[in-house]
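Protein chains in written order, with the working numbering: chain A, 1 to 112; chain B, 1 to 112.
Honestly, I wouldn't trust all of these hints.
[Said to hold, decoys possible] Heads up, simulated BS3-like pairs for lysine-lysine below, C-alpha to C-alpha not over 25 Å straight-line:
#1 B:57 / B:71
#2 B:9 / A:104
#3 B:9 / A:42
#4 B:57 / A:104
[What the hints assert, rightly or not] Under 7 Å between C-beta atoms, here's a sample of chain B residues computed to sit facing chain A:
#5 41
#6 99
#7 103
Quick caveat, the hints were computed from the structure, so don't treat them as lab data. Beta carbons: idealized from backbone N, C-alpha and C, even for Gly.
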Amino acid sequence: GESVGLHLPTLSVQEGDNSIINCAYSNSASDYFIWYKQESGKGPQFIIDIRSNMDKRQGQRVTVLLNKTVKHLSLQIAATQPGDSAVYFCAENGNSGYALNFGKGTSLLVTP
Amino acid sequence: NAGVTQTPKFQVLKTGQSMTLQCAQDMNHNSMYWYRQDPGMGLRLIYYSASEGTTDKGEVPNGYNVSRLNKREFSLRLESAAPSQTSVYFCASSEERQVQQYFGPGTRLTVL
Numbered sequence: 001g002e003s004v005g006l007h008l009p010t011l012s013v014q015e016g017d018n019s020i021i022n023c024a025y026s027n028s029a030s031d032y033f034i035w036y037k038q039e040s041g042k043g044p045q046f047i048i049d050i051r052s053n054m055d056k057r058q059g060q061r062v063t064v065l066l067n068k069t070v071k072h073l074s075l076q077i078a079a080t081q082p083g084d085s086a087v088y089f090c091a092e093n094g095n096s097g098y099a100l101n102f103g104k105g106t107s108l109l110v111t112p
Numbered sequence: 001n002a003g004v005t006q007t008p009k010f011q012v013l014k015t016g017q018s019m020t021l022q023c024a025q026d027m028n029h030n031s032m033y034w035y036r037q038d039p040g041m042g043l044r045l046i047y048y049s050a051s052e053g054t055t056d057k058g059e060v061p062n063g064y065n066v067s068r069l070n071k072r073e074f075s076l077r078l079e080s081a082a083p084s085q086t087s088v089y090f091c092a093s094s095e096e097r098q099v100q101q102y103f104g105p106g107t108r109l110t111v112l
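This is chain A alone, in the form it adopts within the complex (with noise of 0.2 Å):
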């Protein structure tokens, strides 16, 4: 079936570099894309989202970028910070519309 998959599992970011992590999904009939950051023992939390039309969206210290040709889309936070350190998983909508299909996650550990 679909997937949508990461690249690395872990990830280890001095404070105030710039992070990215990085997912790729399969399922070409997705248009709309999520990523969920987690903090240990706690649900899931949206941090940005992209619709297929777009290549890029910024928000609040993350960009996202999606590239359709190679189905890869990528999250960039800028001057990590300590409290960036969780989970972070990538979700695209597959052929439902609107239930989330969760890649695997990337864990982001912020040393000082």
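Once you have looked at the hints, place chain B on chain A.
Positioned in the frame of chain A, the structure of chain B alone reads:
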């Protein structure tokens, strides 16, 4: 405004026991979802309810039943728990058929 709430937070069951996980949202959302999250994995959709009165199977529905009690509440029932159902269960809600979902804090279930 509590958002999405789930009870209980933790539960230990013996194989064969039954239980119901409760979920409620106060955001007046029409759509609600149940996911499970296993260690090192993303979230997998169990069931969802696009609107009050409707429910649909997700990726991993076997061994579960759901009830959309009213617009606010969506429960998940395990009729005969199995060790393979040990997981963290998340409930989520969204505007009707909208992709951005809001998650509860989760229920950590262990089946012995």
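Do the numbers back the hint for residue 41 of chain B, that is, is its least Cβ distance to chain A under 7 Å?
-> holds (6 Å)
Under 7 Å, Cβ to Cβ, is where residue 103 of chain B needs to be relative to chain A, so tell me if that hint holds or is violated.
-> At 3 Å from the nearest chain A Cβ, residue 103 of chain B passes the 7 Å test, so the hint holds.
Chain A contact restraint for residue 99 of chain B - C-beta distance below 7 Å = holds (5 Å)
Residue 9 of chain B paired with residue 104 of chain A [C-alpha distance capped at 25 Å] | Since the Cα atoms of residue 9 of chain B and residue 104 of chain A sit roughly 23 Å apart, the hinted pair holds (cutoff 25 Å).
Under the criterion that the straight-line Cα-Cα distance not exceed 25 Å, is the pair residue 57 of chain B, residue 104 of chain A satisfied?
-> Roughly 21 Å separates the two Cα atoms, so the pair holds.
Straight-line Cα separation of residue 9 of chain B and residue 42 of chain A no greater than 25 Å?
-> holds (11 Å)
Pair hint residue 57 of chain B and residue 71 of chain B, alpha-carbon separation not exceeding 25 Å = holds (18 Å)
Taken one by one, the earlier hints all hold for this structure without exception.
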